[in-house]
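Line order of the protein sequences matches chains S and P. Just so you know, we're using this note's numbering here: the first sequence kicks off at 1 and counts up by one. Just so you know, we're using this note's numbering here: the second sequence kicks off at 182 and counts up by one.
In short, the hints are calculated from the structure, not lab data. There may be inaccurate statements among the hints.
Claimed, not checked - Distance condition first, Cα-Cα at most 20 angstroms in a straight line; then the derived SDA-like pairs of lysine to any residue:
1. S:155 <-> P:440
2. S:130 <-> S:83
3. S:155 <-> P:779
Here the structure is a predicted model, which is why all the values come from computation and not from measurement.
Single-letter residue listing:
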Amino acid sequence: MQPTPPIATLPVARRKAQPKFIIGGVLFAAALVLLMATAFTSTAQYFYTVDELLAHRAELGTRSVRATGAVVGDTITVNPETLEIRFEMAHLPDEREVTDLAAALHAAVVDPNAARVMVVYVGPKPDLLKNEAQAIVSGRFAADGVFYADELLLKCPSHYEEAAAGTPAPHTLTGAATPAP
Amino acid sequence: MLVDVGYFALLLVLAATVYAAALAVAGARLNEPGWVESARRALLGAALLLTLSSICLLILLAGNRFDLEFIATVTSRAMPLYLKLTAWWGGQAGSLHFWAWLLSSFGAAAMLRDWRQERAALPYVIAILAGTLAFFVSLVVFVDNPFARLWQSAATGEVTVAMFPPPGALAFAPLDGRGLNPLLRHPGMIIHPPLLYLGFVAFVVPFAFAMAALITGRFDAGWIRSTRRWTLAGWLFLSLGLLLGGRWAYDVLGWGGYWGWDPVENAALMPWLTGTALLHSAVVQERRGLLKRWNLTLVILTYGLVIFGTFLSRSGVISSVHAFAQSAIGPLFFAFIAITLLGSLGLLWRGWDGLADEQPREGWFSREGAFLLNNYLFLGLTVSVFWGTVYPMLSEAVTGSQITVGPPYYRQVTGPLFAALVLLMGIAPLLAWRQASARRLGAALCLPLAAALMVMFGLAVAGLTSLGGLFGYGLVSLVGLSTVLEYGRGAQARCRATGEGWPKALVRLITRSRRRYGGYAIHLGVVLIALGVIGTTFFQIETQGRLAPGESLTIGRYTLTYIGLDEALAPDDRIVTTATVDVAERGTRLARLYPHRDLYVRSGQPMTIAGLHSDLAGDVYVILADWEELSSAGATFKVYVNPLINFIWLGGAVFVLGTLIAAWPERRRAVARSVAAPPAHRAPE
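Isolated chain S, as found in the complex (with noise of 0.2 angstroms):
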């Protein structure tokens, strides 16, 4: 069925486009690009592993980068005077390598041969920060090799979902089995 359009929207008269608007459009696409680029640069950030954070800490100097890494429990201190929280993160596999976030973040803390990093963060302790969570922090390191944090993020795969198609945790289940109706 050809498309037959109704009599209000007959031909109208083609004009060439405007110049003023033509310029108008370019002035606000050259601001935007340069409103986004001198923000991207002064704030764009990598974001590494904890083997490719300690890789790269000699030339990142004092800037300021993110990292991830698995949160290792039995380190946790906190300084109740001054809020500050110390505690080390161990490497975590690029997320893209990963399939089951939960046994990651367990093998990233068990393993004795796991690197390290020592973070630093002044705040209330965050009701995620607990043992094999997952810790994201955007900081720089010091002269003595911690890493100090001014944000700190914390994802825990057990508290939200596991894996979604892939096989409950059986140590969180306990029931009874049943024959197959």
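For this one, chain S is given, so just place chain P on it according to the hints.
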């Protein structure tokens, strides 16, 4: 039984949607109205079947059926009934099921409208709604099925998830489910996701109408008029969802903020931005017959961003604190977005020549010029947010190492753009269509400008040093006053013309042109929200300190005194540690606050609830950060003062009220007349 009914209903829905889409298009091509009617009924039937499936799932959720993997993950026996039911959207499988149900209901509502005026568009509206629904239902059926059960292998004891029993396996039912994350057990979190979904899904309908208009070659503003209320409804739900999400974060996450530029937040913000642009530029098409291509592009973008937003929040491709599970649905979403985007842009390309402007554009200094600039700004915001959100993915794909941006990037880019938008909001309503008059604009802006300068001068004298804050307050004074004056001018003109008293004239003014004055009320809401954002962005202060009972700390003009600590066991299995703190302002006691930390014993998950003293000047937000376990020797507090933050929630209420005024149906007779009249004769917006 319920499990099978719910699942097979889904299979039937899938069949019905495929049938509806195919038959509708075939009926239109081969000119068989009977086929189209059958397709319409199939879509209605799909909605009924999905409702049946939903009822089954809700009964199962309420009935502790932990042999279903989804239910074992999101509910537990200790949860109250309303939480068990709302866990429907608490996990991935359920939330996709919920999305599909909403879409089918909206689709059914669209099918039941009066189609006599737009018979030609019907088949394509059916096809697009049914196609989108088929995609989501197939995700639910084949990838993330909430009806899938747990099975334990008799030989190895291994537990697997499947719809049908694997060979040699026994049905497995945990004694209790894992339960919903305590952080999500908050009234705001219970209605926040469905509001966002409602907003997302409602935008699918304008997209379907727009595409149908493109396919059938109806290039006028018909699709915009038919779907104006859908767009407004979607926009209202998204706005509410964003506001409530902010409120939830403020109440529950204990960081004193309400917006963190997290990818999942951005995912909901982006369709809101393009939707807002569309609501504005649609006016230009209705009034002047301009920007047709632009409007179609915006509706396509909004639809794409809706699907992209669902994809972002559901696929785990981007690191986010909203840590949903990783899953296999990512590539499927990607393919779906690519197909719909290419298809709709192809349709736009085909109709490109027919979509030229009906009248010449006069120039920038006009109402339509201001609308266009408004659209550039909204689109600029979308582009910059999109860039920041997807750049980590792109950089990793290209260079192998991820580069991310955080809140500082977004603040730097969006700050000037939002400020420009607010300024434009104060000026644009004063501009005439076609060619504005500089003299008239100057006269109308005189008073607001003087007021803004006085506010800035006064604040500077009072010792306000932040340049951004100073300009911000000046800006909101200018725009707020200029908007209020618009009401004043309108009411005054009415007074003079009709001899009505002021209050009556004002009410009549608003009820007679709801779109216009509802829109201005939304603008006033935005001004109030801006006031709160400026206050919290530039003037938030924070401190922390360890106090023994009786000791005090001072922050700004407030003094906090620690009274004591109390520990109790709440009935739903949590240990609640509550501190008692008195807040005083310059020596006068204001309130007694009870910041507490709840420890959910079973999951070991703590949850920090701030003590809050709120008034229009701002909030004192107190967090119990730490305490001595055995003695009552002392506790550590983190305290924020968030100036003017309550203007955000107040502005949100005004915003919603304005949207309702703008969307409220005109009286029936008026509607009938406006449908019959050609667009050019319609009352001005």
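Structure-based check of each hint:
Distance hint between residue 155 (chain S) and residue 440 (chain P) is fulfilled; the C-alpha atoms sit about 18 angstroms from each other, no more than 20 angstroms. Under the criterion of a C-alpha separation no larger than 20 angstroms, the hint pairing residue 130 (chain S) with residue 83 (chain S) is consistent with the structure, at around 16 angstroms. Among the hinted pairs, residue 155 (chain S) with residue 779 (chain P) is consistent with the structure: their alpha-carbon atoms are about 19 angstroms apart, no more than 20 angstroms.
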